[in-house]
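All chains should be modelled from the sequences, with the hints used to inform the complete structure.
For the sequence shown, the numbering used here assigns the number 1 to the initial residue and increments by one for each residue that follows.
Incorrect hints may appear among the rest.
Restricting the straight-line Cα-Cα distance to at most 27 Å, the calculated cross-link-like pairs of lysine-lysine (DSSO-like) are [stated by the list, open to error]:
| # | residue 1 | residue 2 |
| --- | --- | --- |
| 1 | K284 | K242 |
| 2 | K523 | K458 |
| 3 | K365 | K335 |
| 4 | K365 | K414 |
| 5 | K84 | K155 |
| 6 | K473 | K242 |
| 7 | K155 | K208 |
| 8 | K208 | K97 |
| 9 | K208 | K136 |
| 10 | K468 | K365 |
Label pairs and their calculated CB-CB ranges [to be verified]:
| # | residue 1 | residue 2 | range |
| --- | --- | --- | --- |
| 11 | D156 | S555 | 19 to 27 Å |
| 12 | F339 | E177 | 46 to 54 Å |
| 13 | S602 | G431 | 37 to 45 Å |
| 14 | K606 | E440 | 36 to 44 Å |
| 15 | K335 | P169 | 32 to 40 Å |
| 16 | E440 | R591 | 28 to 36 Å |
| 17 | A607 | K579 | 26 to 34 Å |
| 18 | T418 | G134 | 53 to 61 Å |
Just so you know, the hints here were simulated from the structure itself, not pulled from any lab data. Note that the Cβ used here is the ideal one computed from N, Cα and C, for glycine as well.
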Amino acid sequence: MSSLCFRFGEIAAGDICYNEKMRGTKIKITTLAFGALLIILISISASDKILHLQSFFSRETIISKSEERFPIVSGVVPHHLLAKDIIQNFFEHIFSKERPESIILLSPDHVGVGTLCGINSFITLDPQTGSFQGLKVANSLLGRLRSQTDFCFHKDFVATDHGIVNLLPYISTYSPETKILPILVPSDVSEEQIALLTRMLHFQASPKTVVVASVDFSHYLPKNVAEFHDKKSIRVLLNFEKNAFENLEVDCWQCLYGARLFARLRNKERAETIRYGNSADFLKRERVAATTSYFSVAFGERGENFSEQKEKQITTLLFVGDIMLDRDVERLMNKNNKFWPFRKISRFLEGVDVVIGNLEGPVVKHPPNFGNYSLKFAFSPESVEALSLAHFGLVSLANNHTLDMGVHGFEETKELLTRANIGFVGHPTCGENFSFERREVVFLAFNKIFPFNCPNEKIVKIVEEARKSSQGKFLVVIFHWGKEYQLQSSVSQQELAHQVIDSGADLIIGSHPHVIQEVEQYKGKLIFYSLGNFVFDQYFSNETQQGLAVGVEISLDGVTYRLFPIRSESSQPFLMEQKWSRHFLEKLASRSFPQPFGKLESGIIKAER
1 MSSLCFRFGE
11 IAAGDICYNE
21 KMRGTKIKIT
31 TLAFGALLII
41 LISISASDKI
51 LHLQSFFSRE
61 TIISKSEERF
71 PIVSGVVPHH
81 LLAKDIIQNF
91 FEHIFSKERP
101 ESIILLSPDH
111 VGVGTLCGIN
121 SFITLDPQTG
131 SFQGLKVANS
141 LLGRLRSQTD
151 FCFHKDFVAT
161 DHGIVNLLPY
171 ISTYSPETKI
181 LPILVPSDVS
191 EEQIALLTRM
201 LHFQASPKTV
211 VVASVDFSHY
221 LPKNVAEFHD
231 KKSIRVLLNF
241 EKNAFENLEV
251 DCWQCLYGAR
261 LFARLRNKER
271 AETIRYGNSA
281 DFLKRERVAA
291 TTSYFSVAFG
301 ERGENFSEQK
311 EKQITTLLFV
321 GDIMLDRDVE
331 RLMNKNNKFW
341 PFRKISRFLE
351 GVDVVIGNLE
361 GPVVKHPPNF
371 GNYSLKFAFS
381 PESVEALSLA
391 HFGLVSLANN
401 HTLDMGVHGF
411 EETKELLTRA
421 NIGFVGHPTC
431 GENFSFERRE
441 VVFLAFNKIF
451 PFNCPNEKIV
461 KIVEEARKSS
471 QGKFLVVIFH
481 WGKEYQLQSS
491 VSQQELAHQV
501 IDSGADLIIG
511 SHPHVIQEVE
521 QYKGKLIFYS
531 LGNFVFDQYF
541 SNETQQGLAV
551 GVEISLDGVT
561 YRLFPIRSES
571 SQPFLMEQKW
581 SRHFLEKLAS
591 RSFPQPFGKL
601 ESGIIKAER
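See below:
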């Protein structure tokens, strides 16, 4: 078991020792060191050398005057050479301020060579390496780090990873005397591991050290999806939302975490955005099925303070339609694996604050076999595990199948969802008013298939009360309503929708018809009467194997809706190809209102809050 010790040199004869691998943290300060520190604090006004000693686990920093003056301490830059202009802009910016002594490059382990090391570790050069591809190596720093964490030393692994080698020519061009320390970060590295490495870098590296995260943002998705995911990724990075990094849709969330934590430790958190872009922009092509997006930023003492920007408050939601995990869907899951329904759509479901769907049935520990053609459903606990792996954060239980296993099955459903950390909203009979809230968004859900159990007057009253108690928050109302397989909503649906918006709702999402119904814009608010199926076994028509996913970006000054058409085969949903997606949205716009609903054709609708 190793300890990490920091010596105070001339001012104190004692050591501060830190052992990260122990459950508790022991900080031992010798009596002499404590006395010396006390003298320093007493004479702080007369001293030219001020030592700030703060808690090791919050904003702990030991900062000298020279470090306070160093302008940039960390940053993020892409490594995809299609974005070479962004890479050049980043390094020009870094080196135009003050030349760093060392640059720590954190890159994803693209090839997965970490598995060849036999241990879950970072991958870097051997400490004896003097130079690497024409640049000096910060091997003395690496020598101090190696005793404190697990490293796999392999020069050839590092030399073949484009996350490292694509950036080195820029450092050579702008500052050939700057030393480098390249580190590959495997995908299974934990938050605790990257945090420990970053803290050690903070204490062991010189004040003139810059930590650079070599990271590309959204991957393998169309541009409109990438832009949607990047909203959260950029917000989490700049706000340093510690618990949200792991669900970002980027190629190395750990690298982002390390660069951002280093800025926090050095107390240099002002963000200066270099540039944002997407590979489709550089290719000058509109319809690219798989794109990569790029975001570059530098953290230092100068630049725009992100906390003052409106984007800090952006929240992203993703709504999908009906989810049924019994009958043929269950058979396919048993034949293949429990994640079968989400295998082709999983990346699309990542990187969002809350993913919401209508869970069309109860989840019980011992589901019966209702038969191939039964209209009663029961899902296994493995289905909840699949939903969790697919990043669902909320499901509606306000539908006509939630009670297929009775009240006991309903209670068991809530228990199993809670264990999986999946929220739920709504009650199948309006017996109780379950609501859900996340990031200043309030959700309500109502089942209108049994109208006598949930009268309109009661719904309107609940919505009015929710609006009064949630001033300034975004209010979403989810309805299970309408007639199956009807492409247009009924007059009664429309009247209720208008009443609910008049009562304070900001958005209405509908389910149950198993096909996509029209979209309406009423008093500036959107009504999606039915999103159709998301996961189901209704293979008998094109309409029942199509769905609509709705991405929502909520900011202080407005709401942006992104419409993502979905196609399904063998109960596996996937994003519709772009050539068909455009045609699909044009047809949906033609039957939505008010007419003309031209904005819908682009797949992006902007509205006021």
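Lying within 46 to 54 Å: is that true of the beta-carbon distance F339 to E177?
holds, 50 Å
Could you say whether the range 19 to 27 Å given as a hint is met by the Cβ separation of D156 and S555?
Between D156 and S555, where Cβ atoms are some 47 Å apart, the hint is violated.
Honestly, do E440 and R591 meet the 28 to 36 Å range at C-beta?
This hint holds: roughly 33 Å between Cβ atoms.
Check the hint pairing K155 with K208 against an upper bound of 27 Å on the C-alpha distance.
holds, 25 Å
If you draw a straight line from the CA of K523 to the CA of K458, is it 27 Å or shorter?
holds, 22 Å
Does K208 pair with K136 here, judged by a C-alpha cut-off of 27 Å?
Answer holds: K208 to K136 is near 16 Å, not above 27 Å.
Agreement of K473 and K242 with the hint, judged by alpha carbon distance not exceeding 27 Å:
Holds, because 23 Å separates the two Cα atoms, which is no more than 27 Å.
K84 and K155: Cα distance at most 27 Å?
Since the Cα atoms of K84 and K155 sit roughly 25 Å apart, the hinted pair holds (cutoff 27 Å).
Take a quick look at whether K365 and K414 sit within 27 Å of each other, Cα to Cα.
The given pair, whose Cα atoms are some 12 Å apart, holds under the 27 Å limit.
K335 and P169, beta-carbon distance inside 32 to 40 Å?
Given a distance of about 50 Å, which is not inside 32 to 40 Å, the answer is violated.
Status of the given 36 to 44 Å range, CB of E440 versus CB of K606:
Violated, since K606 and E440 (Cβ atoms, about 19 Å apart) do not stay within the stated range.
Between K468 and K365, is the straight-line Cα distance small enough, at 27 Å or below?
violated, 39 Å
Going through the hint list in order, the structure does not satisfy hints 1, 10, 11, 14, 15.
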